[in-house]
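Participant: The lines below spell out each chain.
There are 2 protein chains.
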Amino acid sequence: MTAEIITIGDEILIGQIVDTNSAWMAAQLNKVGIAVKQITSISDEAKHIAQALDEAQSRADIILITGGLGPTKDDVTKFTLAQYFNMKLIRHEATLKHVEDFFAKLNRPMLEVNCKQADVPDGCTVVFNKYGTAPAMWFENNDKIIISMPGVPFEMMHIMEEEVIPKLLDRFNMQSIVHKVILTAGLGESFLAEQISDIEESLPDYIKLAYLPKLAQVRLRLSAYGYQKEALEKEVEHFANLIVERVKPYVVATEDITLEKAILNLMEQHGLTLSTAESCTGGYIAHLITQHPGSSAVYAGGGVTYSNALKQSVLGVNEQTLANYGAVSEQTVSEMAGGAVKHFNTDYAIAVSGIAGPDGGTPDKPVGTVWIAVANKNQVKAKHYLFSNKRQQNIERAATAALTLLFMFLKQELP
Amino acid sequence: MTAEIITIGDEILIGQIVDTNSAWMAAQLNKVGIAVKQITSISDEAKHIAQALDEAQSRADIILITGGLGPTKDDVTKFTLAQYFNMKLIRHEATLKHVEDFFAKLNRPMLEVNCKQADVPDGCTVVFNKYGTAPAMWFENNDKIIISMPGVPFEMMHIMEEEVIPKLLDRFNMQSIVHKVILTAGLGESFLAEQISDIEESLPDYIKLAYLPKLAQVRLRLSAYGYQKEALEKEVEHFANLIVERVKPYVVATEDITLEKAILNLMEQHGLTLSTAESCTGGYIAHLITQHPGSSAVYAGGGVTYSNALKQSVLGVNEQTLANYGAVSEQTVSEMAGGAVKHFNTDYAIAVSGIAGPDGGTPDKPVGTVWIAVANKNQVKAKHYLFSNKRQQNIERAATAALTLLFMFLKQELP
Chain A
1 MTAEIITIGD EILIGQIVDT NSAWMAAQLN KVGIAVKQIT SISDEAKHIA QALDEAQSRA
61 DIILITGGLG PTKDDVTKFT LAQYFNMKLI RHEATLKHVE DFFAKLNRPM LEVNCKQADV
121 PDGCTVVFNK YGTAPAMWFE NNDKIIISMP GVPFEMMHIM EEEVIPKLLD RFNMQSIVHK
181 VILTAGLGES FLAEQISDIE ESLPDYIKLA YLPKLAQVRL RLSAYGYQKE ALEKEVEHFA
241 NLIVERVKPY VVATEDITLE KAILNLMEQH GLTLSTAESC TGGYIAHLIT QHPGSSAVYA
301 GGGVTYSNAL KQSVLGVNEQ TLANYGAVSE QTVSEMAGGA VKHFNTDYAI AVSGIAGPDG
361 GTPDKPVGTV WIAVANKNQV KAKHYLFSNK RQQNIERAAT AALTLLFMFL KQELP
Chain B
1 MTAEIITIGD EILIGQIVDT NSAWMAAQLN KVGIAVKQIT SISDEAKHIA QALDEAQSRA
61 DIILITGGLG PTKDDVTKFT LAQYFNMKLI RHEATLKHVE DFFAKLNRPM LEVNCKQADV
121 PDGCTVVFNK YGTAPAMWFE NNDKIIISMP GVPFEMMHIM EEEVIPKLLD RFNMQSIVHK
181 VILTAGLGES FLAEQISDIE ESLPDYIKLA YLPKLAQVRL RLSAYGYQKE ALEKEVEHFA
241 NLIVERVKPY VVATEDITLE KAILNLMEQH GLTLSTAESC TGGYIAHLIT QHPGSSAVYA
301 GGGVTYSNAL KQSVLGVNEQ TLANYGAVSE QTVSEMAGGA VKHFNTDYAI AVSGIAGPDG
361 GTPDKPVGTV WIAVANKNQV KAKHYLFSNK RQQNIERAAT AALTLLFMFL KQELP
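As given, the protein sequences belong to chains A and B, one line each in that order.
Be aware that the first sequence starts at 1, since it is given in UniProt numbering, and climbs by one per residue.
Be aware that the second sequence starts at 1, since it is given in UniProt numbering, and climbs by one per residue.
Hints listed in this document are in silico derivations from the structure and should not be mistaken for laboratory results.
Hints are not guaranteed to be accurate.
Intra- or inter-copy, both count: the list cannot distinguish identical chains.
Derived DSSO-like pairs: lysine-lysine, alpha-carbon spacing no greater than 30 Å straight-line [unchecked claim]:
#1 K73 x K31
#2 K130 x K167
#3 K105 x K208
#4 K234 x K88
#5 K248 x K47
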């Protein structure tokens with residue numbers, strides 16, 4: 001069973017927003033054994049929408065469309081679909097009632113343009129949208145299914161989880177896809193490949209191995225396709241074990257989780273607590289950690305000590321240290337990490353201080369210079385990095401480096 | 001002049017990563033007047049790559065491809081392009097030298113697989129990749145240009161900025177696209193549309209108006225297409241002014257910036273400082289703010305006070321307040337905001353405390369309950385919100401709500 005995703009809206013094509021919907025949808029579809037063949041982003045333009053629909057139906061069984069269902073003039077998806085399938089728009093009474101209730105609940109007057117949200121092509125099945133006014137629409141075209149959903153992420157997510165996925169599962173007996181991910185850190189892509197080349201050679205043709213490098217990590221993903229789900233799982237597990245044994249020192253996790261989640265799991269197992277002291281990463285490490293449900297079991301909190309004054313008052317960094325060595329130095333970052341352990345009363349802490357850019361660099365400490373320290377109650381370990389001249393990259397790379405340093409430190413410290 | 005972007009790699013199609021490259025590339029292309037017609041994500045599969053290339057060339061003048069150039073077996077882009085254009089691979093000596101230097105600099109041994117990074121189809125123009133081992137490749141096919149680049153974001157970004165965009169500008173005399181964005185907060189999409197419907201009706205057909213709602217904000221975007229750039233700019237400015245006058249109370253910015261950037265600009269103009277006190281948003285607000293170059297002029301820092309202990313020690317929240325009202329309450333969040341102003345010594349502070357979920361909800365305070373406060377030295381203003389049952393959404397919506405509350409508060413306070 002294959003699907004394609006079509007996202008409609010100029011905002012993606014001019015680079016104003018990043019298309020996060022598609023990745024989320026693809027992950028949901030994969031979980032239930034539907035492989036996504038292509039993701040296509042196009043503009044709010046009838047002709048192009050029709051062409052994308054033609055092309056998608058030539059390749060996939062299920063076409064999921066998001067976007068272009070708003071009440072304003074730039075949204076043309078519904079009218080285009082009605083024309084494409086040769087249907088006329090009729091008012092859907094249950095939806096109209098829902099839209100009326102929606103506005104009544106918000107205590108807002110309702111406009112004619114909002115009533116029109118309840119108009120749907122007469123040959124589609126209306127899929128209820130609990131959280132918004134534009135319903136989703138399910139079309140059947142020969143043996144293809146086409147589903148149009150709003151592009152607002154949380155509306156789309158609810159519709160996918162509560163309506164679309166269950167309805168698709170009811171309908172098909174699907175081929176399975178089994179994925180297994182091994183997260184590694186500290187060894188480059190080609191060196192990993194070299195170390196496991198014989199294992200890779202021995203894979204049957206229905207099992208693929210992919211290398212997904214990101215900053216200082218490489219994610220290895222085995223994917224198997226077939227109808228015998230349990231047999232596939234066993235086989236994938238077998239090859240995964242071979243790989244893990246081979247590159248053990250670099251393995252962070254044997255499931256598809258992030259580095260910070262692997263750290264949270266490890267620390268929770270050992271009953272340890274963590275805090276952060278961030279300067280140039282500006283809260284990004286805290287954000288990465290607190291994205292994860294249950295992170296509060298390990299993570300007590302931290303300081304975003306952007307100014308030197310806060311480095312002193314919140315973390316207890318010595319004024320003299322700042323004066324002698326500067327904010328971006330081994331001495332300061334070590335005091336930040338030690339101060340976090342002490343003042344936030346945690347077992348471990350990570351601290352980062354650097355020059356994210358674009359300004360603030362000097363010949364001695366150019367933009368991209370970052371000091372990172374990890375501490376527990378007994379010791380502090382600091383390391384120097386030189387990243388790029390791009391602010392966003394420096395923030396991301398510093399965060400990944402800090403988490404990697406903490407993970408390696410924990411591996412040494414823990415039994 | 002039109003372009004299409006093709007991203008190659010299974011990791012996007014299984015939802016493992018979000019495609020951030022395309023939005024960035026689209027924004028760069030737009031800036032120089034190249035309109036992106038479609039963004040397509042496909043798998044590492046020769047047949048599908050060839051099909052996507054055919055389709056893209058039927059619609060656009062320039063095709064930009066990213067991904068699939070790594071040294072490992074799952075990467076097939078280069079071989080597919082060679083076959084597609086009927087070329088054979090030859091070793092490119094300048095690239096080989098660069099790869100050798102690259103490994104020498106890292107003090108790492110070089111593998112045969114790394115040498116192969118220097119093999120390129122014999123009919124392409126090699127585009128130098130300063131930051132990685134896989135060069136980009138520029139193909140000419142009849143009147144179409146096809147450029148293949150690595151998918152690693154910072155390598156692609158450098159190649160685009162330093163090589164591809166300048167070369168395209170050299171080559172073409174391009175039609176301009178003029179965009180103008182008005183960021184609004186506090187009024188729904190359809191109400192905005194109702195208020196400005198006559199202005200929208202009066203737009204000439206080469207100027208489009210789009211509504212981009214996100215959380216509690218709506219971004220209005222005027223886009224004009226044509227060869228007379230200056231005339232277009234004037235005309236777009238004229239219509240933008242009409243809209244701004246009409247919906248003035250809701251206008252946050254008249255340029256394409258984020259809410260937090262508008263706040264930073266406003267506060268910097270008035271010489272004001274800001275701090276944050278975050279519980280459920282876990283550093284996300286600090287991260288949004290510190291993404292922006294120069295944010296340190298306004299932002300002193302903040303606390304990510306996940307635990308109650310840190311709410312007391314870092315922000316000075318009263319133990320009794322936490323005991324009587326709980327961490328998620330008007331009283332606690334007000335003390336957090338007031339405490340941040342005092343302890344971080346800033347003019348303004350925002351504080352957030354809520355239940356992001358998925359666990360931790362109670363009948364009185366279900367998941368999605370969030371209290372937000374804004375404070376300066378004279379007063380504190382707190383507001384209650386109820387968002388969704390999804391953790392990531394709650395974090396994002398709480399951050400946006402907090403920034404909106406701060407912006408409205410600043411607008412009232414400032415002359």
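Participant: Decide, hint by hint, whether the structure agrees.
Facilitator: Do the hints match the structure? See the list:
{"no.": "1", "hint": "K73 x K31", "in the structure": "between (36 Å within a copy, 25 Å between copies)"}
{"no.": "2", "hint": "K130 x K167", "in the structure": "within (16 Å within a copy, 50 Å between copies)"}
{"no.": "3", "hint": "K105 x K208", "in the structure": "neither (51 Å within a copy, 33 Å between copies)"}
{"no.": "4", "hint": "K234 x K88", "in the structure": "neither (51 Å within a copy, 41 Å between copies)"}
{"no.": "5", "hint": "K248 x K47", "in the structure": "neither (53 Å within a copy, 36 Å between copies)"}
In terms of the numbered hints stated before, the structure departs from hints 3, 4 and 5, listed from lowest to highest.
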